[in-house]
Amino acid sequence: MNILSLFVLVPVLMILFLFVCKSMQQIRTVMVSGASALMILAVTLTVMFLQERAVSNAEMLFTSSTMWYPSLNIAYAVGVDGISVAMIVLSSIIVFTGVFSSWNMNMAKEYFLWYCLLSVGVFGFFISVDLFTMFMFYEVALIPMYLLIGLWGTGRKEYSAMKLTLMLMGGSAFLLIGILGIYYGSGHSSMNLLEIANNLHIPIEIQRWVFPATFLGFGVLGALFPFHTWSPDGHASAPTAVSMLHAGVLMKLGGYGCFRVAMYLMPEAAHELGWIFLILTGISVVYGAFSAVVQTDLKYINAYSSVSHCGLVLFAILMMNRTAMTGAIMQMLSHGLMTALFFALIGLIYGRTHTRDIREMGGLMKIMPFASVCYVIAGLASLGLPGLSGFVAEMTIFVGSFQHADVFHRILTIAACCSIVITAVYILRTVGKILYGPVQDSHHIGLPDASWYEKVSAVGLIVAITFMGMYPSGASELINNSLMPIIEKLAII
Amino acid sequence: MIKMEYYLIVSTLMFFIGVYGFIARKNMLAILISLELILNAVEINFAVFNRYLFPGSMEGMFFTLFGIAITAAETAIAIAIIINVYRNIGSVNVRKINKMKE
Amino acid sequence: MEYSLFILITPFVLFLLLGLTGHKMKQNVAGIIGTVGMGFAAALSYMVAYQYFFVIGKTAGVFQEMIPVSFEWLRFTEKLHIDLGILLDPISVMMLVVITTVSLMVHLYSLSYMHGEKGFQRYYSFLSLFSFSMLGLVVATNIFQMYIFWELVGVSSYSLIGFYYTKPSAVAASKKAFIVTRFADLGFLIGILILSYYTGTFDFATLTANHAESVVTSMQGLSFMGLSVAAWAMALIFMGGAGKSAMFPLHIWLPDAMEGPTPVSALIHAATMVVAGVYLIARLFPVYIFAAPEVLTLIAYIGAFTALFAAIIAVTQTDIKRVLAFSTISQIAYMMVSLGVSGYGGHDGLGYMASMFHLFTHAFFKALLFLGAGSVIHAVHSNEMKDMGRLHKFMPVSSWTFLIACLAIAGIPPFSGFFSKDEILSAALHHDKLIFFTMLFVAGLTAFYMFRLYFNIFWGKEKAYDSHHKPHESPALMTVPLIILAIYSIFTGFIHFPEFISSDSTPFAAHIEWMHVAIPSIVVALTGIVIAFVLYFKGSEKPVQIAKSLGGFYTATVHKFYLDEVWMFITQSVIFKLICKPIAWFDRHIIDGAMNGLAWTTQKTSASVKGLQSGQVQLYVWVYVIGSLLIAALALFL
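Protein chains in written order, with our numbering: chain A, 110 to 602; chain B, 22 to 123; chain C, 47 to 684.
Do not rely on the hints blindly, as some may be mistaken.
What the hints assert, rightly or not - Across the chosen pairs, the derived CB separations fall in these ranges:
no., chain 1, residue 1, chain 2, residue 2, range
1, C, Thr-364, A, Tyr-459, 44 to 50 Å
2, B, Ile-38, A, Pro-179, 56 to 62 Å
3, C, Ala-89, A, Leu-118, 58 to 64 Å
4, C, Tyr-666, B, Ala-101, 55 to 61 Å
5, C, Tyr-666, B, Ile-38, 18 to 24 Å
6, A, Pro-594, C, Phe-52, 41 to 47 Å
7, C, Tyr-666, B, Asn-105, 43 to 49 Å
8, C, Gln-618, A, Ser-132, 53 to 59 Å
9, B, Ala-101, C, Gln-659, 47 to 53 Å
10, A, Ser-132, C, Val-667, 56 to 62 Å
11, C, Phe-615, A, Pro-594, 50 to 56 Å
12, C, Pro-214, A, Lys-564, 28 to 34 Å
As the list claims (entries may be wrong) - Under the rule of at most 20 Å between Cα atoms (straight-line distance), these lysine to any residue pairs were calculated in the SDA-like manner:
no., chain 1, residue 1, chain 2, residue 2
13, C, Lys-656, C, Ala-645
14, B, Lys-47, C, Tyr-666
15, B, Lys-117, C, Gln-662
16, B, Lys-117, C, Tyr-666
17, C, Lys-627, A, Ile-392
18, B, Lys-47, C, Leu-658
19, C, Lys-164, A, Gly-472
20, A, Lys-475, C, Met-71
21, C, Lys-213, A, Val-482
22, C, Lys-70, A, Val-482
23, C, Lys-125, A, Ser-582
24, A, Lys-475, C, Tyr-210
25, B, Lys-120, C, Leu-658
26, A, Lys-218, A, Thr-263
27, C, Lys-656, B, Ile-100
28, C, Lys-627, A, Ser-582
29, C, Lys-650, A, Met-271
30, B, Lys-47, C, Gln-662
31, B, Lys-47, C, Gln-659
32, B, Lys-120, C, Gln-659
33, C, Lys-213, C, Asn-429
34, A, Lys-475, C, His-69
35, A, Lys-564, C, Ile-358
36, C, Lys-656, B, Ile-118
37, B, Lys-47, C, Val-669
38, C, Lys-623, A, Val-403
39, A, Lys-475, C, Lys-213
40, A, Lys-475, C, Gln-73
Quick caveat, the hints were computed from the structure, so don't treat them as lab data. All C-beta atoms in this analysis are idealised placements derived from N, C-alpha and C, irrespective of residue type, glycine included.
Just chain A, with the same shape it has in the complex:
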């Protein structure tokens, strides 16, 4: 059995086991052991991948393919390169920490069922190399979100769940058009990404309308301006672990898809039409940051900051050079980790103070030192402190983007750089407001600090953030070599 299929199989098994669980204890056991198994698998995969790549120069490793709908050439085809491995590692970390962040859920069994289904979708997406299978897993990841937010959320949860699902479904519609366009445009003989990329050619006339559809379809999930408004509402209403998973992993599906499908299969159109999206993403970056400055809800701040950071991912992908693209993938990793940490901590704070309004909090550093220190670390990672992951990712993007030969692109890069100042403003504003200063609300005095399971979640993420920040060449090398095929493809034009 292919190791990659295990990533789908393990969550499915978890679902089956959950059905027979009776007590909370059993549910937790299943979830923790399953999530740990996924982590171990991810690490094993990384090691195996590195060994395998040393001896092989295939584009994708561990490939296998089983036809399951021959008349449309749809196959369950899997395979990974360095980028997917990085994404799988990220997902496994976040799934793992997410379990600990949802330790005390109501209706835990149902919650975790959907949670596992979501994981199936996420892992399935990253291992697939078949367009339709990829799309299918993408949908599998989206649907549970509706229930998870609608049932376990807070605030205007029905509204937000509906909005999020509908907007993302709208994106999916574009995506489906795009995928069919690619399939028929390339001569309806294969749905396999590698096959299409290497052996088939899509005429430029078709690319011209398929590329925007595909990019937009994935872009909605990557919070592309002006289709980002699901993100603040959705994240604000979602339960902690769902926010973590959504901002941490699901938004990366968008970036990954743009990169793997839109750019990879349609390089000509990317060159021709990329500038439109480049402007949109440039707007996302600055606009998201500016919007975050005036928000008063912690989750809104973080959601807008995600818009800004994810905008940077798409921005860098569109720069179409190796360094910038490496930076884009690193930014996905980094943003996934730190935003998950943010949401975990916001959930923790909200669970105790029952407010997310920064005006109603103050002096939490005194009350919950552990959580507050973690929050500061998350903030520093977000504003790009060297030694934490945000810095390496952003710098790779900026340096890479600035190498573009075109002055227009360089000026856009400078504009995007401005976001680092604005990021500092909103991060420090939040930190100063809620953690420092005198205690704002006397009810907050004596609230307990993080409990052990919350500590596991926070520490796990911080370790990952620091590791990536201190030893960036690990991630950089993993990604960089796998970029060759797409860079070559883009360079031919």
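Got chain A sorted already, so can you dock chains B and C onto it with the hints?
For chains B and C alone, coordinates are given in the frame of chain A:
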């Protein structure tokens, strides 16, 4: 012998009177009666066509008999429903029976 | 010289140790571990300095750049990669000595000064982090490593300014410091991007090497909006330096940064971090002089203006730490001016040498001033001059050491400040008369406000001190660092600096120009001191009268020329209210409104066609009958 057209004119009239009643009446019993008219018009047609066009065979007659039996059963069920509806909401007006929709 | 790596590793390990396990230690244990560790790093630095300057640094009369440690940290492209390493050359070795010495003194001093504070361990771990970052900054082998440590320095400064995090003013000050310097760093970053794009390297050695002038000059032909690309890049990099070194108009964070504990101000906001900008310009000096000399002129003028501006403000401040803060700004501006007026090579590079010299001497006497001020604050529990007076008889050691530092900063021979300031004035005299006279005037102002401070604190009228808490001399742990720094302040001036540091690493001879520079500057300084003596020694009413006669100008000066208010207006009213709020509104109402509008339209459309699906079978039959009749009619008649 009476011409076939006369039978058909009668059955057509019955049929459209039935359709009109089905559309226009509010009372469920009246609708049921209209339905009976429609069905009977059809049965007349069966019998007439059999008698005039295929005198040698009896299929149309049998079909008519079969139809009468079905109609009787159907009427019985319909009346039972109507009575139950009347018991529940105190009316047999179709416009008022919209509980299930809400 | 691989052991120089331990100068960096030691504070980093201390930071991790104290940061992660500090809360389980006793306060004293944490403090002593930190201090001993720093002492170790300082000893290593002195060893490195000795070896470099006297044993192995010089080959054929020229100091060589040495890179004992270097490894690739992150690769961007074939040519561009961030290396982390240690670069030893005269200025970095000098900085190692300065940083570790001052840091050690501050560590020692804080043992007593911060004793019993909540978060003592945290304080020491941040001090170690700061020392690590600052040391990493000065030994950077490439501009990106410098940027990395530059940011780290900013963060450690942020955490130390906001050390008393329950105090809103401290939180605001730390935020302001970080954001203002971050804004400047944006310039730095863009400058790095431009520079690296055109030269294809981050490496200092390649950028500044003589034989590689072509690397830099290759940029000169290109221009953007009337200025050469090189000038843009270097001006932007200077913007980063100006932010950290508090040059006008980015200086506003420094006075507020005095909210931090006083030893922190001594270490970070007087002696080390704030000179990082000067160090940056010095590091890239060959690039400036060959590729963008016009930027150097700009630097000189900004420096001169800042020096004058800050000195004027310093005269009217009443918070002793703020006086020192403005004096720091003014003194750093001296160093900037000196770089701005410098040439390259031999005696032309006098300004470069003078700048580094002043950096060196200033670090010690300014740290001494701050620590002395800390000792005073410790005794009277106030920062305000009006609560002090006649402290000389209570705290003689603090008073004498403070006097030494004041004489040094005022430029009275034979104290160290005289020598370095004199070289700066010499360099300015040969370059630009206007700058020379400005700086000379500032020298007088400096002498005046420093002695105003000194007389107000230690002489003047005795204040009504609480009889239970009479001010008393600080404990030995605090006075010993004062005495050591006083010794440095007296003697460092006698080091023959051109022997060690010069723009092209070749020693040259410099001598004091008594007639044109030294005597005028001494006269000016003495005048300042005498005026201060007359006005403040006995505590007369004259200062108030003079202030009244100056009217609006005086008020403006007290309010620091309203620059804080201008910045506040820009950030609060313009950026926050006119950019962020409208964008957020736009997002919520227009963009999101459009999305919600789409949903609303769908809903309304569905509601309007919903009537057709009434569930009324009669209606369906009606439609069916009409429809079939119509179709029949069509079939018949068409």
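Going down the list of hints, with the structure as the test:
Take C/Thr-364 and A/Tyr-459: their Cβ atoms lie about 45 Å apart, and the range 44 to 50 Å holds. Our hint of 56 to 62 Å for B/Ile-38 and A/Pro-179 holds, since their Cβ atoms are close to 58 Å apart. At about 60 Å, the CB distance of C/Ala-89 to A/Leu-118 agrees with the hint of 58 to 64 Å. Our hint of 55 to 61 Å for C/Tyr-666 and B/Ala-101 is violated, since their Cβ atoms are close to 24 Å apart.
Distance hint for C/Tyr-666 and B/Ile-38: a CB-CB separation of about 19 Å, consistent with the stated range 18 to 24 Å. Between A/Pro-594 and C/Phe-52 the beta carbons are some 45 Å apart, a value that agrees with the proposed interval 41 to 47 Å. Separated by about 23 Å at the C-beta atoms, C/Tyr-666 and B/Asn-105 break the suggested range of 43 to 49 Å. At roughly 55 Å, the beta-carbon separation of C/Gln-618 and A/Ser-132 lies within the given 53 to 59 Å, and the hint holds.
A hinted range of 47 to 53 Å is violated for the C-beta pair B/Ala-101 and C/Gln-659, which are about 28 Å apart. At about 58 Å, the beta-carbon gap between A/Ser-132 and C/Val-667 stays in the expected band of 56 to 62 Å. A hinted range of 50 to 56 Å holds for the C-beta pair C/Phe-615 and A/Pro-594, which are about 53 Å apart. One distance hint, 28 to 34 Å for the beta-carbon pair C/Pro-214 and A/Lys-564, holds here, with the actual separation near 30 Å.
For a cut-off of 20 Å, the pair hint linking C/Lys-656 to C/Ala-645 stands: about 16 Å separates their Cα positions. Taking the CA atoms of B/Lys-47 and C/Tyr-666, the gap is about 14 Å. The hint holds against a cut of 20 Å. At most 20 Å may separate the alpha-carbon atoms for a hinted pair to count; B/Lys-117 and C/Gln-662 meet this at roughly 11 Å. The suggested pairing of B/Lys-117 with C/Tyr-666 holds, with an alpha-carbon distance near 17 Å, which does not exceed 20 Å.
For the hint pairing C/Lys-627 with A/Ile-392, the CA-to-CA distance comes to about 16 Å; that is within 20 Å, so the pair holds. For the given pair, B/Lys-47 sits about 19 Å from C/Leu-658 by alpha-carbon distance, which is consistent with the 20 Å threshold. Straight-line distance between C-alpha atoms of C/Lys-164 and A/Gly-472 comes to about 15 Å, which keeps the hinted pair within the 20 Å bound. As the CA atoms of A/Lys-475 and C/Met-71 are separated by approximately 19 Å, the hinted pair is consistent with the 20 Å bound.
Taken as a hint, the C/Lys-213 and A/Val-482 pair is honoured in the structure, with Cα atoms around 18 Å apart against an allowance of 20 Å. Of the supplied pair hints, the one linking C/Lys-70 and A/Val-482 holds, its CA atoms being roughly 16 Å apart against a limit of 20 Å. At roughly 15 Å between alpha-carbon atoms, C/Lys-125 and A/Ser-582 fall within 20 Å of each other, so this suggested pair holds. Between the alpha carbons of A/Lys-475 and C/Tyr-210 the distance comes to roughly 11 Å, so the proposed pair stays at or under 20 Å and holds.
Only pairs whose Cα atoms come within 20 Å are accepted, and B/Lys-120 paired with C/Leu-658 is accepted, the gap being roughly 18 Å. Between A/Lys-218 and A/Thr-263 the alpha-carbon distance is near 19 Å, which keeps this suggested pair within the 20 Å criterion. A threshold of 20 Å between alpha carbons decides the hint, and for C/Lys-656 with B/Ile-100 the separation of about 31 Å lies outside it, so the pair is violated. With a C-alpha separation of about 40 Å, the suggested pairing of C/Lys-627 with A/Ser-582 is violated against the 20 Å cut-off.
Straight-line distance between C-alpha atoms of C/Lys-650 and A/Met-271 comes to about 17 Å, which keeps the hinted pair within the 20 Å bound. Between B/Lys-47 and C/Gln-662 the CA atoms are separated by roughly 11 Å; this keeps the pair inside 20 Å, and the hint holds. For the given pair, B/Lys-47 sits about 19 Å from C/Gln-659 by alpha-carbon distance, which is consistent with the 20 Å threshold. A distance of roughly 16 Å separates the Cα atoms of B/Lys-120 and C/Gln-659; the hinted pair therefore holds under the 20 Å criterion.
Taken as a hint, the C/Lys-213 and C/Asn-429 pair is honoured in the structure, with Cα atoms around 16 Å apart against an allowance of 20 Å. Annotation: proposed proximity of A/Lys-475 to C/His-69 holds, straight-line Cα distance about 14 Å (limit 20 Å). In summary, the hint linking A/Lys-564 to C/Ile-358 is not supported, as the alpha carbons are separated by about 53 Å, beyond the 20 Å threshold. Taking the CA atoms of C/Lys-656 and B/Ile-118, the gap is about 18 Å. The hint holds against a cut of 20 Å.
Taking the CA atoms of B/Lys-47 and C/Val-669, the gap is about 17 Å. The hint holds against a cut of 20 Å. At most 20 Å may separate the alpha-carbon atoms for a hinted pair to count; C/Lys-623 and A/Val-403 meet this at roughly 9 Å. Under the criterion of a C-alpha separation no larger than 20 Å, the hint pairing A/Lys-475 with C/Lys-213 is consistent with the structure, at around 12 Å. Proposed proximity of A/Lys-475 and C/Gln-73 is supported: the alpha carbons are some 18 Å apart, at most 20 Å.
Checked against the numbered hints given earlier, this structure breaks hints 4, 7, 9, 27, 28, 35; the rest are met.
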